[in-house]
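Asks: Single-letter residue listing:
There are 2 protein chains.
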Amino acid sequence: MQILVQKFGGTSVATLERMEKVRDKVLNGLQRADRIIVVLSARAGDTNNLLALAGQWSPTPDKAECDVLVSTGEQVSISLFTMLLKDMGIRARSLLGSQIPIVTDDSFGCARIRAINSEALRGWLEQYDILVVAGFQGCTEDKRVTTLGRGGSDTSAVALAAALGSVECEIYTDVNGVYTTDPNICSTARKIDRIAYNEMLEMSSMGAKVLHIRSVEFAQKYKVAVRVRSTFDDDPGTLVTQEDSSMEALLVSGIAYDKDQARVTLHDVLDVPGVAAAVFCPLSEKDVLVDMIVQNTSLDGHTDITFTISRRDLQQTLGIMAEISPKIGMSKVVHDVNVAKVSVIGVGIRNHSGVAARAFAALTQEGINILMISTSEIKITILIQEKYVELAVRILHDTFGLDWT
Amino acid sequence: MQILVQKFGGTSVATLERMEKVRDKVLNGLQRADRIIVVLSARAGDTNNLLALAGQWSPTPDKAECDVLVSTGEQVSISLFTMLLKDMGIRARSLLGSQIPIVTDDSFGCARIRAINSEALRGWLEQYDILVVAGFQGCTEDKRVTTLGRGGSDTSAVALAAALGSVECEIYTDVNGVYTTDPNICSTARKIDRIAYNEMLEMSSMGAKVLHIRSVEFAQKYKVAVRVRSTFDDDPGTLVTQEDSSMEALLVSGIAYDKDQARVTLHDVLDVPGVAAAVFCPLSEKDVLVDMIVQNTSLDGHTDITFTISRRDLQQTLGIMAEISPKIGMSKVVHDVNVAKVSVIGVGIRNHSGVAARAFAALTQEGINILMISTSEIKITILIQEKYVELAVRILHDTFGLDWT
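From first to last, the protein sequence lines are chains A and B.
Each residue of the first sequence is one higher than the last, beginning at 1 in full-length UniProt numbering.
Each residue of the second sequence is one higher than the last, beginning at 1 in full-length UniProt numbering.
What the hints contain is simulated information worked out from the structure, not anything from laboratory work.
Mixed in with the good hints, there may be bad ones.
Because identical chains cannot be distinguished in the list, a pair is counted as satisfied if it fits within a single copy or across any two copies.
Below, computed lysine-lysine pairings styled on DSBU-like, alpha-carbon distance capped at 35 Å [what the hints assert, rightly or not]:
1. K143 to K63
2. K332 to K221
3. K143 to K332
4. K221 to K327
5. K63 to K191
6. K143 to K259
7. K191 to K327
8. K143 to K327
9. K332 to K191
10. K221 to K191
11. K21 to K387
12. K387 to K221
13. K332 to K21
14. K191 to K286
15. K21 to K143
16. K21 to K327
17. K143 to K191
18. K387 to K63
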């Protein structure tokens, strides 16, 4: 029995007319597979409205009860959608996270999936051609309702595909795939047909947020092929899958960028063991996400530490640095919010020398000063002044020939 | 461990301010009992809005999916209410029908409760002081969501009280009890302190719809004392309980009426076996509820059959009568919509002769013509012209001394 998982987001199920489009996609899917598992998000706006309601009832709503409340959003969309299928005489039923069950830990509001009862699902697949599953939700071992956090419906879909050994998991959204860079700032941006999980992870975390990052990790771990495509056209979209040799032939897959960056430099920090921990542990405790970190080799027993954070965390970060200053013996703290990050991503990078050098040369030629550099196996990240971001993206896109078909 | 069940209807939980009043009632209850089970309806309007949504999606929404949709109404109210309790540091949690579970049959939209897992409830009552349970909903043996139909939250509350051997089940509503008759038409109407289940059943079915009729049947079957009282004052309300000798001392408990009546008379019907079935089976198949039925003794092999129905069913009923006319050989069909029903109710009626005679005499004295009579053990029902209803109610209320304190 060939099973296809199809996930549709909140904008795709927002109205009756859009749900009818979704129904057409699902009926089309039924011609390509024996059975369909449809995973739906709450209708656009519903989740935010429910969270706002909770906020009226309590300044700090109980997290477990908040999940009971918010999970009604998907419950509404799956029941409405299944009505459409039943009206066509299709053998279908809705399934809540707790009915399958999709068992999670008890981190209410951001639970992680632990197990899916695939035996029960296979039983229902004998009786029904289409199962309509609520995304974003599950339940604890003792049946309390949980939600998976923002973007969790993508994770639900991939996890269901993994549990059932589904050939492919289709994630329908309002764009028709993953692009080599943002088409809004680079007119030659091109849709990518195939992309490796690692590349996709680097793209997601940089703001090319077509797929929720946890769903990509899940897909990579369980080797689920994920196809990102649009509810509103018939384009085959982008396949996110395991690396293969054809991908490695391509040096670079995409250029990502992120303008939400603030840079903080700690000057003349004592170069003794435990200093990095003294700086970054207090930030982590306050949920400040640190992005790039650079520490140069020490010359005279002192060194400079530079890191970047989200701009909204800047004031809190400067406060924490003032507190810890005596412990790490620095001379001064300097910060800059007019910075942005550009990344060159590709699995080909690890097998080809000189990619970084080519990127630096191209930027230098246009007079763009490089403020920080950080590299990983498949990514080169460069911090520059914010005003150069669009230019830098276009230069790098061109340098690595991403507009070639 | 003394357990008190308290049920609050949709108007009592419609807004944050009202929910705060409900919280006060529940905290007050916690001073009278060791543990509280709070049963909530959906916020006023929510259930109707969800049904309207289903109606937009489908002219005949799938009943099982409709229950998945509509049950979100109570899910919202129990989670919001539990947030309020948690904010006060109270050990509380919400429970969906399917979490307990409250097991029902699979008559989606009007399911009947089959069993309640009282062992699980007792387990939670060890951990929590207050359990906030979604009324109106349950699930089938195989965990599909069901709803109990209109007024089902009353039934949920009584069933929970029965399952836990609760001392009392308090049903909070927007009136402070059951009255001897409608105070809007009889200024001397008086609140009843105690009323027998049978009397309450006759009152409910006549439009004095303070309690859902099924919940009273349930309470009677499992001997649960139900107290009807107001969310908005401290009146002790009305206790609905088993008959006792003090009740029988009262001849009559209340006067009910119903203006939604249409009378249909079939003249000169053949008086042969099977005629009544030929008339009433087709009506039942079309869900026409027949209320009073009177058939006189036959004189010449022909008889007249008269019955009353809801006015909205009149046209359909006349159509059906025309269809079956050849089978039952009647001479003509006469109907009248300007009729109404007045009932005298009391467990004392069965032990006292002459109650009916007193009622008829009182009406006759005021020139009110009696169109039909039907009697049961504890009720005398009289059909009169609609214009006399208010007068008849006041006369009967006075005749049986219901304004006495």
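Asks: Look at each hint and say if it fits the structure.
Replies: Hint check:
{"no.": "1", "hint": "K143 to K63", "in the structure": "both (15 Å within a copy, 25 Å between copies)"}
{"no.": "2", "hint": "K332 to K221", "in the structure": "neither (44 Å within a copy, 80 Å between copies)"}
{"no.": "3", "hint": "K143 to K332", "in the structure": "neither (53 Å within a copy, 63 Å between copies)"}
{"no.": "4", "hint": "K221 to K327", "in the structure": "neither (41 Å within a copy, 74 Å between copies)"}
{"no.": "5", "hint": "K63 to K191", "in the structure": "neither (39 Å within a copy, 44 Å between copies)"}
{"no.": "6", "hint": "K143 to K259", "in the structure": "neither (42 Å within a copy, 48 Å between copies)"}
{"no.": "7", "hint": "K191 to K327", "in the structure": "neither (50 Å within a copy, 75 Å between copies)"}
{"no.": "8", "hint": "K143 to K327", "in the structure": "neither (47 Å within a copy, 59 Å between copies)"}
{"no.": "9", "hint": "K332 to K191", "in the structure": "neither (46 Å within a copy, 79 Å between copies)"}
{"no.": "10", "hint": "K221 to K191", "in the structure": "within (25 Å within a copy, 68 Å between copies)"}
{"no.": "11", "hint": "K21 to K387", "in the structure": "neither (41 Å within a copy, 56 Å between copies)"}
{"no.": "12", "hint": "K387 to K221", "in the structure": "neither (38 Å within a copy, 78 Å between copies)"}
{"no.": "13", "hint": "K332 to K21", "in the structure": "neither (59 Å within a copy, 56 Å between copies)"}
{"no.": "14", "hint": "K191 to K286", "in the structure": "neither (38 Å within a copy, 59 Å between copies)"}
{"no.": "15", "hint": "K21 to K143", "in the structure": "both (34 Å within a copy, 30 Å between copies)"}
{"no.": "16", "hint": "K21 to K327", "in the structure": "neither (61 Å within a copy, 52 Å between copies)"}
{"no.": "17", "hint": "K143 to K191", "in the structure": "neither (42 Å within a copy, 44 Å between copies)"}
{"no.": "18", "hint": "K387 to K63", "in the structure": "neither (41 Å within a copy, 58 Å between copies)"}
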